[in-house]
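Assemble the dimeric complex from its two separately framed chains, guided by the hints.
Protein chains in written order, with my numbering: chain D, 1 to 256; chain B, 257 to 539.
It is possible that some hints are incorrect.
[Said to hold, decoys possible] Calculated cross-link-like contacts (lysine to aspartate or glutamate; reagent style DMTMM-like; alpha-carbon spacing at most 25 Å):
id, chain 1, residue 1, chain 2, residue 2
1, B, K354, D, D60
2, D, K123, B, E436
3, B, K440, D, E130
4, B, K354, D, E68
5, D, K193, D, E237
6, B, K440, D, E68
Calculated from the structure, these hints are not laboratory results.
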Amino acid sequence: MSSTILRPHISLRNLNVYYGHLQVLKNITLDIPDRQITVIIGPSGCGKTTLLKSLNRLLDSVEGVRIEGKVLVDGEDIYSPGIEVTRIRKKMGLLSQRPQVLPMSIYDNVAYGPRIHGLKNKKELDRLVERYLRIAGLWDEVKDRLFEPASRLSLGQQQRLCLARGLAVEPEIILGDEPTSALDPQSSQNVEKCLLSLKSQYTVLLVTHILRQARRIADYIVFLYLGEIVEHGPAEEVLNYPRDPRTRAYLSGEIS
Amino acid sequence: MKWRFLEEKIFQALMIGATGLTALILLLILGTIVVKGIGALNLEMIFRLPRGGYYLGQEGGILNAIVGSLQLAGGATILAFFLSLPVVFYINYFARRKSFGPTLIRFSLDVLWGVPSIVYGAFGFLLMTWFGWQASLLLGIITLALLELPIMSRAMDEVLRPVPAELLEASFSLGATRLETAWKVVLRQAMPGIITAILIAFGRAIGDAASVLLTAGYTDNLTTSLFQPVASLPLAIFFQLATPYPEVQKRAYAAAIILTLIILLISFISRRISRHYARHLVF
Numbered sequence: 001m002s003s004t005i006l007r008p009h010i011s012l013r014n015l016n017v018y019y020g021h022l023q024v025l026k027n028i029t030l031d032i033p034d035r036q037i038t039v040i041i042g043p044s045g046c047g048k049t050t051l052l053k054s055l056n057r058l059l060d061s062v063e064g065v066r067i068e069g070k071v072l073v074d075g076e077d078i079y080s081p082g083i084e085v086t087r088i089r090k091k092m093g094l095l096s097q098r099p100q101v102l103p104m105s106i107y108d109n110v111a112y113g114p115r116i117h118g119l120k121n122k123k124e125l126d127r128l129v130e131r132y133l134r135i136a137g138l139w140d141e142v143k144d145r146l147f148e149p150a151s152r153l154s155l156g157q158q159q160r161l162c163l164a165r166g167l168a169v170e171p172e173i174i175l176g177d178e179p180t181s182a183l184d185p186q187s188s189q190n191v192e193k194c195l196l197s198l199k200s201q202y203t204v205l206l207v208t209h210i211l212r213q214a215r216r217i218a219d220y221i222v223f224l225y226l227g228e229i230v231e232h233g234p235a236e237e238v239l240n241y242p243r244d245p246r247t248r249a250y251l252s253g254e255i256s
Numbered sequence: 257m258k259w260r261f262l263e264e265k266i267f268q269a270l271m272i273g274a275t276g277l278t279a280l281i282l283l284l285i286l287g288t289i290v291v292k293g294i295g296a297l298n299l300e301m302i303f304r305l306p307r308g309g310y311y312l313g314q315e316g317g318i319l320n321a322i323v324g325s326l327q328l329a330g331g332a333t334i335l336a337f338f339l340s341l342p343v344v345f346y347i348n349y350f351a352r353r354k355s356f357g358p359t360l361i362r363f364s365l366d367v368l369w370g371v372p373s374i375v376y377g378a379f380g381f382l383l384m385t386w387f388g389w390q391a392s393l394l395l396g397i398i399t400l401a402l403l404e405l406p407i408m409s410r411a412m413d414e415v416l417r418p419v420p421a422e423l424l425e426a427s428f429s430l431g432a433t434r435l436e437t438a439w440k441v442v443l444r445q446a447m448p449g450i451i452t453a454i455l456i457a458f459g460r461a462i463g464d465a466a467s468v469l470l471t472a473g474y475t476d477n478l479t480t481s482l483f484q485p486v487a488s489l490p491l492a493i494f495f496q497l498a499t500p501y502p503e504v505q506k507r508a509y510a511a512a513i514i515l516t517l518i519i520l521l522i523s524f525i526s527r528r529i530s531r532h533y534a535r536h537l538v539f
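The shape of chain B in the complex, shown without the other chains (with noise of 0.2 Å):
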């Protein structure tokens, strides 16, 4: 009997401990980059680009890098929100539900879920050589986009699976088509999780280096052409922590800063749009 009592508290530390684990790593990674980061940080760092000798220590700031990752992470995030919206209304309203497509869809999906970005780096520096093109905001945007593919799908195919039949079925009855039905009451019903997944994916898009260093190349100065090679903040950091200079690596965590700022900005910003959608749902 006493055994049931131990078990649970056995349990309620573990529990606890795991939490507190998981909150004081995420503390400690923060506190790293803020305490070797914050010296370095100032306004010139943000507004404008890095001249000549910014790798050696002397004035200039990021502001190409930050540019480059928003392009990037942007563009992939619009271009695969485009390529998942598809897959995932036929996983759910078109193709038959037991049948063999979506089972197949969603196991290629979790596959490409498990690939490490450097594949999707190297996949997309393949195609440049292929093709002859060079490193670009575009091909960045391409390759960025296929990494977040398998992400978003996955994560807006969890939210929209327990979407009730019976709400289907109520606008079927109006006369509504699958694809109306899909569009303007699924998507409303599922639109606070749609975001998330979003986010998660965007969050993935922004901080990855991998996949952009082969493909998206680097500039000192701003990309106004989909053609010409873009900077982004996660190569950013890795150049500036690569030189001998101490200095230019207190940049780079300053850099960090910079990319984790931008992520709460943004995870900020939607979960106030979820939130407006929240209101409607129905149950």
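The shape of chain D in the complex, shown without the other chains (with noise of 0.2 Å):
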């Protein structure tokens, strides 16, 4: 198996990423595989939540961060001058440690996307709205009170209901950020199983430090470790046979 990717997503090149002085990321380079769940673990604090936040561009709303370097999507710099960042946005779908859910009925949660990018149509709204409910494997437990606020919904449920509003936006690329670590094991387990579905048709790219969950659901690992990656290759080859002492390190729990 060779760890060299025929089709890159997301690509990254030499991104660095500073909070005023201190450097979080160093000189990234990284090829994210299409359609495929690729999962980036490592301690906390090693910049991983800062690695998926520079894709979607939510990072240099931050007061303070200075980025360095390219990050290629479908090809195109998305920080390039000029660029429009809601359509860089638009193409992923965010889930975050806690489910946001937004101050609004759970149709509307759904259609909120949607409607942004224009769609008035009541008809077509109702379809979207109940599509990605069944995706995200929700619909059966809220069709009867799609009207009732989202913030209701119990946090696993929520979860979901943030996976359906993201997948929406008809996004090609879902970044969760620990999306399970606020959840319980059954809800963990419900959006673990949404994820998997969803690989053959979206590229997947999943910060965790459950080592377990990577096990579980990772094609594609990324090791990164104090702003810097270590290992990066499929999982089987990472997880089994990693090569750096460092990546051993973590994987046998001595450091964390």
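See the structure below:
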């Protein structure tokens, strides 16, 4: 098995990120494969979330952040001037650590994205809402209370609603920032199941600090340590035959 | 050791005392108005205009002042809202957080908040003489809107600040612009607080006499144009109290009851609206 990727969807080239004087990401060069689940592992504070947020340009709205290097999505540099940030973000659905539902009904949460991108037709919206709630495995649980506040759902349901909401803008990429860390085991399993079923159509990029989760769902693994990529490659290679001593130490639980 | 418990007791007594005193003062004020005014309060007062001899104790009502006050305060609140919203959106979501702009704006608004309303009235009056206008509904609305602006925008600012960054990011990540996020997500989340902000500003405007005294004028008729003078309840109270006739002075207290009832009614309605929005809050 080779670690070169035939069709990268996202390519990072010499990405450096600084918070003030602190360098958080160091010279990251990485290709993220299309239609697979790529999992970024590493101890907390190693820059995993920063890496994820640099992809949908949520990072550059943070004050005091400086970004150098290139991030190519479908071959297009998303940091080049004149790029429309909203168009880049529309390509990527984001699942955050704690589900953040919007202060509106379940229906409106899913319809929010399509609506801001110009969809007004009620029938079409109804169809989209049902479709993506089904994909997220939430439809049967909420179909009778679509117009109730989303905040009344359980956390696990809220996270799947966030997934449906993200999918409704028809992205190509799903970014997950430890999306199961606030959830109970059953809900985590539901979210993992969703992600596995989605990888045939989407590029999934997940940050996690749960190694067992990485083993369960990863196709491709990136090990990040102190802002640097130590090792990356197909999951079974990295997880079973790590080359770098630091990867071995992390996998065996010596550094965490 | 014992001192700690004594301290606790003393402070508790202070708290109860101060709270009681506040309630008592409110009751005294309301009591005075009701006792003095209830005798003069009748439907004629609410539904009729003052005829010639009203201020001499003859028949008539203060419909002109009731409608005028609603026109003034309503117009000013709408105008102040559309001035405040861009200001608070700017300092919260468009300007860089720690930059000079927002700090300066917040400081200016706090200073403006402390300016006495007669100064706003004088400012309106100056505008009037400079441009050769006459006292009118429009000028009254503008002056009151200036009075409301710092109150409303600082109150809105305080409710927008605690809206968490993660909620904004959730909206941004769906491809929403900052304006869409502020308008469709933040505003909903902050709606109960925003309604309170509007209510406080409205209450301040409808009860203010000094700023309309010089700018809005007074009339015994209903005002149908922005360029005519307009009556207002605070001035109606002032004029009636200033007459030497006890029966007319009683009517001043009755007018104060009406003013208080209007504020109660508006606050009741806005509570209902904000409860409707509170259903959807996300934390």
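Each hint tested on the structure:
no.: 1; hint: K354(B) <-> D60(D); result: holds (15 Å)
no.: 2; hint: K123(D) <-> E436(B); result: holds (23 Å)
no.: 3; hint: K440(B) <-> E130(D); result: holds (22 Å)
no.: 4; hint: K354(B) <-> E68(D); result: holds (23 Å)
no.: 5; hint: K193(D) <-> E237(D); result: holds (23 Å)
no.: 6; hint: K440(B) <-> E68(D); result: violated (33 Å)
This entry does not satisfy hint 6, going by the numbered hints stated previously; all others are met.
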